[in-house]
Amino acid sequence: MNTFRKIRKNAKALSPVVASIILIAVTVAVSVAVAAWMGGMTIGFMGTSSVTVTKVEFTATTIALDLKNTGTKAVAIAQVTVNNEIIDTVTPASGTMPYSIKPGESTPAALTITGLEIVNGNTYKIDLFDGSNQVVGSVQQNSPTS
Numbered sequence: 001m002n003t004f005r006k007i008r009k010n011a012k013a014l015s016p017v018v019a020s021i022i023l024i025a026v027t028v029a030v031s032v033a034v035a036a037w038m039g040g041m042t043i044g045f046m047g048t049s050s051v052t053v054t055k056v057e058f059t060a061t062t063i064a065l066d067l068k069n070t071g072t073k074a075v076a077i078a079q080v081t082v083n084n085e086i087i088d089t090v091t092p093a094s095g096t097m098p099y100s101i102k103p104g105e106s107t108p109a110a111l112t113i114t115g116l117e118i119v120n121g122n123t124y125k126i127d128l129f130d131g132s133n134q135v136v137g138s139v140q141q142n143s144p145t146s
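Residues in the sequence shown are numbered consecutively from 1, following my numbering.
The set of hints was computed from the structure by calculation and includes no laboratory data. Quick caveat, the model's predicted, so the values are computed rather than measured. The beta carbon of each residue, even a glycine, is placed where N, CA and C say it ideally should be. Heads up, some of the hints might be wrong.
Dumping the calculated DSS-like pairs for lysine-lysine here, alpha-carbon to alpha-carbon at most 30 Å [what the hints assert, rightly or not]: (1) Lys-102 / Lys-68; (2) Lys-55 / Lys-102; (3) Lys-68 / Lys-125; (4) Lys-55 / Lys-125; (5) Lys-102 / Lys-125; (6) Lys-102 / Lys-73; (7) Lys-73 / Lys-125; (8) Lys-55 / Lys-68; (9) Lys-55 / Lys-73.
Derived Cβ-Cβ restraints for the label pairs, each shown as a range [claimed, not checked]: (10) Gln-140 / Lys-102: 22 to 32 Å; (11) Asn-84 / Val-30: 40 to 50 Å; (12) Thr-96 / Ser-138: 42 to 52 Å; (13) Val-119 / Ala-33: 53 to 63 Å; (14) Val-32 / Thr-72: 25 to 35 Å; (15) Asn-84 / Pro-144: 18 to 28 Å; (16) Ser-31 / Gly-115: 26 to 36 Å; (17) Val-119 / Met-97: 20 to 30 Å; (18) Thr-27 / Ala-109: 19 to 29 Å; (19) Ser-100 / Gly-121: 17 to 27 Å.
Generate coordinates for the entire structure from the input sequences, incorporating the hints supplied.
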């Protein structure tokens, strides 16, 4: 039992200077790791997705939309709803759905929504969704009364 106490008395701890240096090094390493992690999370938030409907034209069975990408990154419109109902008969000006619009680009007659029965004087709310089901553009418009 006496030998154990002798060994314990002879054990030396780290000096306060070395302990402080180790604590500072660990703190710096953890802050670098947290900064890198936060930087990776914010890369996706750098650009904005926003589409403005610049013109809405109604006919008896269709709605034509002129669009402008007012965001800072390209937008791919994957789905359109009219009065909160998903519309499957959407024809893009060129190509197929999803319809892509570059930043700053204006597209006349970008989307034509068919298969509707337009009632004169009714209000129609049109929402545009991207591939992640986020609303990127919206407009509420009354159809002509005559």
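Comparing the hints with the structure gives:
Annotation: proposed proximity of Lys-102 to Lys-68 holds, straight-line Cα distance about 9 Å (limit 30 Å). Restraint check for Lys-55 and Lys-102: satisfied, since their Cα atoms lie roughly 18 Å apart, inside the 30 Å limit. At most 30 Å may separate the alpha-carbon atoms for a hinted pair to count; Lys-68 and Lys-125 meet this at roughly 18 Å. For the proposed pair Lys-55 and Lys-125, the alpha carbon gap of about 13 Å is at most 30 Å, so the pair holds.
Note on Lys-102 and Lys-125: the hinted pairing holds, with a Cα-Cα distance of about 24 Å set against a maximum of 30 Å. Restraint check for Lys-102 and Lys-73: satisfied, since their Cα atoms lie roughly 7 Å apart, inside the 30 Å limit. Distance restraint check for Lys-73 and Lys-125: the Cα-Cα separation of roughly 25 Å lies within the 30 Å cut-off, and the hinted pair is therefore satisfied. At most 30 Å may separate the alpha-carbon atoms for a hinted pair to count; Lys-55 and Lys-68 meet this at roughly 10 Å.
Distance check on the hinted pair: Lys-55 and Lys-73 sit about 21 Å apart at the alpha-carbon level, within 30 Å; holds. One distance hint, 22 to 32 Å for the beta-carbon pair Gln-140 and Lys-102, holds here, with the actual separation near 26 Å. For Asn-84 paired with Val-30, a C-beta distance near 48 Å keeps the hint of 40 to 50 Å intact. Distance hint for Thr-96 and Ser-138: a CB-CB separation of about 23 Å, inconsistent with the stated range 42 to 52 Å.
Between Val-119 and Ala-33 the beta carbons are some 60 Å apart, a value that agrees with the proposed interval 53 to 63 Å. Evaluation of the 25 to 35 Å hint for Val-32 and Thr-72 yields a pass: the beta carbon distance comes to about 29 Å. The supplied range of 18 to 28 Å is met by Asn-84 and Pro-144, whose beta-carbon atoms lie about 22 Å from each other. Checking the proposed 26 to 36 Å range against Ser-31 and Gly-115 shows it is violated: the Cβ atoms sit about 57 Å from each other.
At about 26 Å, the CB distance of Val-119 to Met-97 agrees with the hint of 20 to 30 Å. Our hint of 19 to 29 Å for Thr-27 and Ala-109 is violated, since their Cβ atoms are close to 59 Å apart. For Ser-100 and Gly-121, the hinted distance range of 17 to 27 Å is not satisfied, since their beta carbons lie about 34 Å from each other.
In summary, the numbered hints that this structure violates are 12, 16, 18, 19.
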